[in-house]
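Asks: One-letter residues, chain by chain:
Number of protein chains: 2
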Amino acid sequence: MIISYKDQFVNFITELQNEISSELENLDGSAKFISDKWVRAEGGGGDTRILKNGTVFEKAGVNTSVVHGELSPVIREKLGVEYGNFFACGLSLVIHPLSPMVPTVHANYRYFELYDENNEVVDQWFGGGSDLTPYYIFDEDPIHFHSTLKNVCDQFDPSFYKKFKLACDNYFHNAHRNEARGVGGLFFDYLRANENQDGQFWYNFVTSQGKAFLPSYLPIVEKRKTIEYNDDQKFWQEVRRGRYVEFNLIHDRGTLFGLKTNGRIESILMSLPSLVRWEYNHIPEVGTEEDKLIQVLKNPKNWLNVS
Amino acid sequence: MIISYKDQFVNFITELQNEISSELENLDGSAKFISDKWVRAEGGGGDTRILKNGTVFEKAGVNTSVVHGELSPVIREKLGVEYGNFFACGLSLVIHPLSPMVPTVHANYRYFELYDENNEVVDQWFGGGSDLTPYYIFDEDPIHFHSTLKNVCDQFDPSFYKKFKLACDNYFHNAHRNEARGVGGLFFDYLRANENQDGQFWYNFVTSQGKAFLPSYLPIVEKRKTIEYNDDQKFWQEVRRGRYVEFNLIHDRGTLFGLKTNGRIESILMSLPSLVRWEYNHIPEVGTEEDKLIQVLKNPKNWLNVS
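Just so you know, the sequences run in chain order W and Y. If you count by numbering that gives the first Met the number 0, then the first sequence holds residues 0 to 306, one letter each, in order. If you count by numbering that gives the first Met the number 0, then the second sequence holds residues 0 to 306, one letter each, in order.
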């Protein structure tokens, strides 16, 4: 029999959502999150929390959803099962700061259960990760971000960081631009019990990653939020946000899956920045700070020199 | 033997590009098009013309491309042929006005040839169309736009307007929002010689549509360009431009095909507006002008009461 982590994980994401919302509000100092609770006709619902026009954050979404019901034909085919009810829950966040000196961040922690005809859990897995998207690169920021995530990984398995960092580089890749979305982080999915690791192990791993989110990101915001910037730098941020939109709408499997399976559009697309710009053939001059970013995105870095 | 329209159609789109660029510059009065000629490694190239930050037009792209070579495996599969060289040329334009009172417009006129091992034309077809995307609806604008296109259709076949108008409504549909991209126009593809219509017929039809572009659009711009607007109305335009981006990146077959087959990214994505905004769950109040637009987009109108 498989032990269910349903209730525990729902509690975890609910508390994490409260903690993250509250810490972001504190840091912002002016804007507050608005909670928009929604119900899914086929079962379950969510709590979409949006903060906008803050002093530090231009737009931030910290969402939880807890949904269940019968697997749709599309998902059945994707999972290769013929019948089944499912349960899925997760926390998903995207934070777009006002200042181009502060990086955008995305994180997701999720849990999935699949049931047989007798409502017994027949499969379960965890997934998630987090990644950082700066507009200007201060090397110590990705180093801090990656170090924090690696420290959590290393408590579980010395091979995890390298593996999940590579998966992140591979996933958050704007193939049509031949560049990374950002400076990476971790990406993991289908974390299932196996001969070495049980469900509890993966529950502990994913919740530890969730708890590491604030320490991985907030110190970077604190350090960069007071740096002055000019209109050209804001312009650059808006152009780069266009790439973020391109990734999410063209390549992101979660977004496309949600849009094609009647997901809640506004909760899915809260990931998009508020103000975005497309400028024809905008290529920064060689040697500028903007060019430095492009070079890093074209050749993902091994920030922690992990061999 | 099939008569090739290659040279004629290239001449046609080249002249049309010159005429449209020049008329748009005249109307704008301040900004000029910059021509960015590019070469395709596998054969052919294009002339991407971009105008930006004008008095009337915030961003306009009027592109031609003339490409040829061996069909890629992806296209061979799409067309169901085992071998072949191809020739493709077309004019593609997207105009994003500065004022939210002036509608965005898109148009495309294209021609395709397929060759056998002896370089004989074994297949050929025309395609294209144009469609209008207003931010505020003045009924007489879509009526003028549709009438102009219908007049051309009627010179060729009384059934064309209804058929190609419906195809346009079906194609430019943001399925995930359950709304149209705009107020429609015409969409036609794979126009081939058959027992009633020869290649010359379709050449005449598509080039006549191309020639009708300026008369279908410029009078609308002239009429609306001096209407005053406020920040809220500009904000609304930016939000709606987000829907334009969503359509192009999520649903537009041409865009996605180009991005996945190593097309010239900057020429493809010139269709995206410069300044765009995503606002969480932004729903206009019932009865407002903004709501009037939404209602029309949810229920495409039969502008000319064609039965």
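Any given hint might turn out to be false.
Note that the list lumps identical chains together, so a pair holds whenever it fits in one copy or between two copies.
[To be verified] Here are the simulated lysine-lysine pairs, DSS-like style, with alpha carbons at most 30 Å apart: (1) 5 x 291; (2) 31 x 233; (3) 233 x 291; (4) 51 x 233; (5) 222 x 5; (6) 36 x 291; (7) 51 x 162; (8) 297 x 36.
For the record, the hints were derived by calculation from the structure and aren't laboratory data.
Asks: At 30 Å max between alpha carbons, let me know whether residue 31 reaches residue 233 within a copy, between copies, both or neither.
Replies: both (23 Å within a copy, 25 Å between copies)
Asks: State whether the alpha carbon distance between residue 5 and residue 291 is at most 30 Å within one copy, between copies, both, or neither.
Replies: Neither way: residue 5 and residue 291 sit 44 Å apart in one copy and 45 Å across, limit 30 Å.
Asks: Using 30 Å as the alpha-carbon threshold, which applies to residue 233 and residue 291: within, between, both, or neither?
Replies: within (16 Å within a copy, 34 Å between copies)
Asks: First find the shortest C-alpha distance between residue 222 and residue 5 inside one copy, then the shortest across copies, and answer within, between, both or neither for a cut-off of 30 Å.
Replies: neither (37 Å within a copy, 60 Å between copies)
Asks: Within a copy, between copies, both or neither: which one fits residue 51 and residue 233 at a CA-CA cutoff of 30 Å?
Replies: both (17 Å within a copy, 19 Å between copies)
Asks: Can you tell me if residue 297 and residue 36 fall within 30 Å by alpha carbon in one copy, between copies, both or neither?
Replies: So residue 297 and residue 36 pass the 30 Å test across copies only (25 Å; inside, 40 Å).
Asks: Evaluate residue 36 and residue 291 at a C-alpha cut-off of 30 Å and name the case that applies: within, between, both or neither.
Replies: This pair counts as between: shortest inter-copy Cα distance 27 Å, intra-copy 41 Å.
Asks: Pop the pair residue 51 and residue 162 into one bin, within, between, both or neither, using alpha-carbon distances up to 30 Å.
Replies: Classified as neither; 35 Å inside a copy, 45 Å across copies.
Violated hints, in rising order: 1, 5 and 7; the structure is consistent with all others.
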